[in-house]
Amino acid sequence: MEYKDYYAVLGVDKKASQDDIKHAYRRLARKYHPDVSKEPNAEEQFKNVQEAYEVLKDSEKRSAYDQLGSNWQAGQEFRPPPGWEGQAFNRGGRAHRGQQRDFSDFFSNIFGGGEGFEGFQQRGSDQHAKILVTLHEAFRGTTKTFQLQVPEVDAAGQVRYALRTIKVTIPPGAMQGQQLRLAQQGNPGMGGGPAGDLYLEIDIQSDPLFSLQGKDIFLTLPVAPWEAALGAEIKVPTLGGPVGLKLTAGSQSGQKLRLKGRGMPGKTAHGDQYAILQIQAPPAHTDEQRQLYEKMAHAMPFNPRKDWPI
Amino acid sequence: MAKKELLIIADYSEESLLTLEELCGVCDIRIEVIRDFVSHDIVKPTGNAPEEWMFDVMQLQRLQKALRLQRDFELNLHGAALVLDLLDELEKIRAHITLLEKHYSKSGE
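As they're listed, the protein sequences go chains B and H.
Residue 310 is where the first sequence ends in our numbering, and the numbering goes up by one at each step.
Residue 109 is where the second sequence ends in our numbering, and the numbering goes up by one at each step.
These are computed hints drawn from the structure, not numbers from a lab.
Heads up, some of the hints might be wrong.
Unchecked claim - With the Cβ distance kept under 10 Å, some of the chain B side facing chain H (calculated, not the full set):
#1 Ala29
#2 Phe46
#3 Gln185
#4 Gly196
#5 Leu200
#6 Gly254
All C-beta atoms in this analysis are idealised placements derived from N, C-alpha and C, irrespective of residue type, glycine included.
So that you can see chain B by itself, here it is in the shape it has in the complex:
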């Protein structure tokens, strides 16, 4: 197992006061807490910070950790000194309620935890898995089969990994981030404690054409200037298939046209689809094309910057 330099993780000196340690923890928690952070590897980083704080905030654990000596390097292969097993700790962070901790081997070896022991029960930790679906699959509904490696405790009390197959039915109209909870299908508990839960989260991949906002769908609708000016009948793609849209004369860029009920299906009401108008100016390549634009410039008294003060 690898040695962990808890002082380096928190970025504090070995002689740091309890206050310094608390400050360092709080600063790093704001930076890496997975619920508030957008940093890459926030979860991993925060786990390290939590573990370091767990040890250094507790004077008993801190002095035990300091006794290991200061000649170790982070990541160095580490074995606890002989007789270390005799040390007794009050099971660290495990006494807290409402939390699950997953600390390193180094931590469990020095401060206990890991294997269950007599009279000690703990609920297993929850497991999370993401199910990737396309927007079209989410719209129509789909069935996904995948495999998940799960730890289980065998008759001898050993933890083994088993491959489980999960077949999940997703009805039409799944929401981004929607979760299904499978009670007690997570990691096994300790000392006869119940297993944790397994959560399956739907992750809808982004689509090149459509965007999903809640139950509504957004689509950019590119139109030619003459279509916007004169009105047009346009065939618009929706997740349920193409529908006809009537563009009224005098439409402008940025306008949002609603196709009622063409969004994601819902239990009570369907979402809508919004087509966002985007007028595209055709480039003038030939003489004839340039003449057309010049003709327009003469025939149409139009100043798009009439609201400017200059």
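Use these hints to put chain H onto chain B, whose structure you have.
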């Protein structure tokens, strides 16, 4: 401990709701703590009386998030509620920006 099924069949249309007692077990907290969260509108169960309360997965995860925020930032109930609300707001704004960038600001194409 019982051997796990090797094949799990799951269905999103069968939404699992939790009672107050089940929620306590899953989050490993006392009933009073959940009552506090409900009375401050941080989690919203269906049903009127606590015996009728049912919590969906969204509320369960909101509660777990609130508990994590409380524990890891040493916040009280109001602090955690404030952070949750701001995070919700942030998520909405981020989604809106993604939408605007994709559909309103295409340029040079």
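> Regarding the hint that B:Ala29 lies at the interface with chain H, is the smallest CB-CB distance below 10 Å?
Replying inline: It holds, given that the least Cβ distance between B:Ala29 and chain H is near 6 Å, below 10 Å.
>> Min Cβ distance, B:Gly196 to chain H: is it shorter than 10 Å?
In response: With a minimum Cβ separation of about 9 Å from chain H (threshold 10 Å), the hint on B:Gly196 holds.
> Does the interface hint hold: is B:Gln185 within less than 10 Å of chain H, judged Cβ to Cβ?
Replying inline: OK, holds: B:Gln185 within 10 Å of chain H, min 6 Å.
>> Hint B:Phe46 vs chain H: min CB-CB distance below 10 Å?
In response: 8 Å, holds
>> Given a cut of 10 Å on the nearest C-beta pair, is the interface hint for B:Leu200 held or broken against chain H?
In response: 7 Å, holds
> At a threshold of 10 Å, is the proposed contact between B:Gly254 and chain H supported by beta-carbon distances?
Replying inline: Given a least distance of 7 Å, the restraint on B:Gly254 holds.
Comparing the model with each earlier hint shows no violations; every hint is respected.
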